[in-house]
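Read off the chains here:
There are 2 protein chains.
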Amino acid sequence: MEEPLKDDLIRVELSEFLPLRDVVFNALRKAILTGRLKPGERLMEVHLGEQMGVSRTPIREAIRKLELEGLVVMVPRRGAEVAGMTVKSMQDVLEVRRSLDVLSVELACDRMSETELERLREAGNKFTQAIKTGNAAVMAEADVVFHDIIVAGTGNLRLQQLLNNLAEQIYRYRFVYLQDDIRHELLVDEHEAVYHGIRNRNKIAAVEAVRIHIDNQEQSIIRHIEAEKFRTEE
Amino acid sequence: MEEPLKDDLIRVELSEFLPLRDVVFNALRKAILTGRLKPGERLMEVHLGEQMGVSRTPIREAIRKLELEGLVVMVPRRGAEVAGMTVKSMQDVLEVRRSLDVLSVELACDRMSETELERLREAGNKFTQAIKTGNAAVMAEADVVFHDIIVAGTGNLRLQQLLNNLAEQIYRYRFVYLQDDIRHELLVDEHEAVYHGIRNRNKIAAVEAVRIHIDNQEQSIIRHIEAEKFRTEE
DNA sequence: AAACAGTTAATTACACACAATTAACTATAT
DNA sequence: ATATAGTTAATTGTGTGTAATTAACTGTTT
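For the record, the sequence lines run as chains A and B. Quick note: the first sequence, position 172, residue 830 per my numbering, numbers continuous. Quick note: the second sequence, position 158, residue 816 per my numbering, numbers continuous.
Accuracy of the hints is not assured; some may be wrong.
One copy or two, either will do: identical chains are not told apart, so a pair holds if it fits within one copy or between any two.
Stated by the list, open to error - No farther apart than 25 angstroms at their CA atoms in a straight line, the calculated lysine to any residue pairs in the SDA-like style are these: (1) 746 <-> 775; (2) 688 <-> 726; (3) 746 <-> 774; (4) 746 <-> 772; (5) 746 <-> 765; (6) 746 <-> 773; (7) 790 <-> 768; (8) 688 <-> 798; (9) 746 <-> 822; (10) 696 <-> 815; (11) 861 <-> 680.
Just so you know, the hints here were simulated from the structure itself, not pulled from any lab data.
Build the full structure now, drawing on both the sequences and the hints.
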């Protein structure tokens, strides 16, 4: 008898050739970051297992990893639920991320090769084009590529790992702030400033540009969260 | 028939009232950080299960968390092994940690209350006394307390979580650098400088003191790793 | 009517079993 | 003698079963 896959809230990407636990891990993480699984929602093993067509074991192991990433919280003997999103926790994340982003552009100024700088320039151009499309998904993707090149340019694997994780936490809010039209033009300018700072290996300028970039993101996200709060408060 | 518990390399602390997976997680983490489990050593599920008297399930879940923490690496279809310790990876960790320690001291300057500052002063005094004992374990503990007070003073939970994790990575090297006798007097001075910087809410001075502190640690650890390399190279 | 106790349903925590894959060892052929 | 193929042992990956604990609901008593 065919399982009719009741709802495809959580789609299993079978294209990947990974252990099931990692497939589940990626699927659940994505569902949380994009908001398909909402804060406070319980993650029940049998239910998720039926939905994704796997047994409870890979589900449990995936939840262990989400637990350490801070995306779910464990209630003893009740299981996992999606961690909440508050202004405070977002500010905490951004406070750390700002510091590590500053570190990464400093290191990038010192260490990026000419070919890496060239790739960064191209990524900057692509981001400018992406902004013109007005499509939030395209913009988000181009933004990620731009920042990934910088972080990779530091040559510090641990920094890459941590910043990827922190950036992901922010993605939970990003789908929101990228719709802030008035920010689009500014975003292009900010990226330009970061690029030129690194290009000229001018740490002071590059750091300042990154600081402004993150600060603006923070303000934009806070504005949207507050607005969201008004909408959902009864 | 009684299992005679072949070797107690990994002792299960049954005092704690935690899920078995967390007991296992803590036990394995401690074993890795203190060097009882050596880099490259394989973590085999049945073997560990027999040793600790639990089934494979809690072992597996603990390994998932160690995996995300970076203490073990997964080899597909071969299982987990203890992650290596190289000068490069240690420098990567310290590069990040330096940046976050600077951040935490800056935030502490702004946010620590008078009572917290008082507790920091006491912790500083205790550290000075600990140094006089010459006992590495006592010193390490006092050092942790001192730094924990500063990090707690930032009020940033995410920062606390990350710095705890990074500090733990360094503990793998710490058992080594704390035996560096000539550093002991300097350590006291360095802590004093950090304390006074925060006490006077003087960010510039506090940050400079922390930078020096971390840089010295890094040099000390590198010296010892290089020395270790000579010893074990045949 | 409200509160408390008892019972039931649901869910995790843990253990165990089986299948699949890898690695090592042996035997045979060139 | 060496290389290759076949076989076996060992270990992970995944699925399932069982006990224990929690939460909710119902019935009874004050």
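Okay, the hints, checked on the actual structure:
Taking identical chains as interchangeable, the C-alpha atoms of residue 746 and residue 775 lie at most 25 angstroms apart only when they sit on different chains, with a minimum of 24 angstroms there against 36 angstroms within one chain. When the C-alpha separation of residue 688 and residue 726 is checked against a cutoff of 25 angstroms, the pair qualifies both within a copy, at 16 angstroms, and between copies, at 17 angstroms. When the C-alpha separation of residue 746 and residue 774 is checked against a cutoff of 25 angstroms, the pair qualifies only between copies, where the shortest distance is 21 angstroms, while the shortest distance within a copy is 36 angstroms. Only between protomers do residue 746 and residue 772 lie at most 25 angstroms apart by alpha-carbon distance; the minimum there is 23 angstroms, versus 40 angstroms within a single protomer.
For the identical chains of this complex, residue 746 and residue 765 are inter-copy neighbours only, at 15 angstroms across copies versus 29 angstroms inside a copy, given an alpha-carbon limit of 25 angstroms. In this assembly of identical chains, residue 746 and residue 773 lie within 25 angstroms of each other by CA distance solely across copies; the values are 23 angstroms between and 40 angstroms within a copy. With identical chains, the CA atoms of residue 790 and residue 768 are never at most 25 angstroms apart, being 32 angstroms at best within one copy and 41 angstroms at best between copies. For the homomeric pair residue 688 and residue 798, the shortest alpha-carbon distance inside one copy (14 angstroms) is at most 25 angstroms, but the shortest distance between copies (40 angstroms) is not.
Proximity of residue 746 to residue 822 under the C-alpha cut-off of 25 angstroms is found in both arrangements, the shortest distances being 20 angstroms within a copy and 20 angstroms between copies. Within a single copy, residue 696 and residue 815 get their C-alpha atoms only as close as 31 angstroms, which misses the 25 angstroms cut-off; across copies the closest is 22 angstroms, which meets it. For the homomeric pair residue 861 and residue 680, neither the shortest alpha-carbon distance inside one copy (39 angstroms) nor that between copies (43 angstroms) is at most 25 angstroms.
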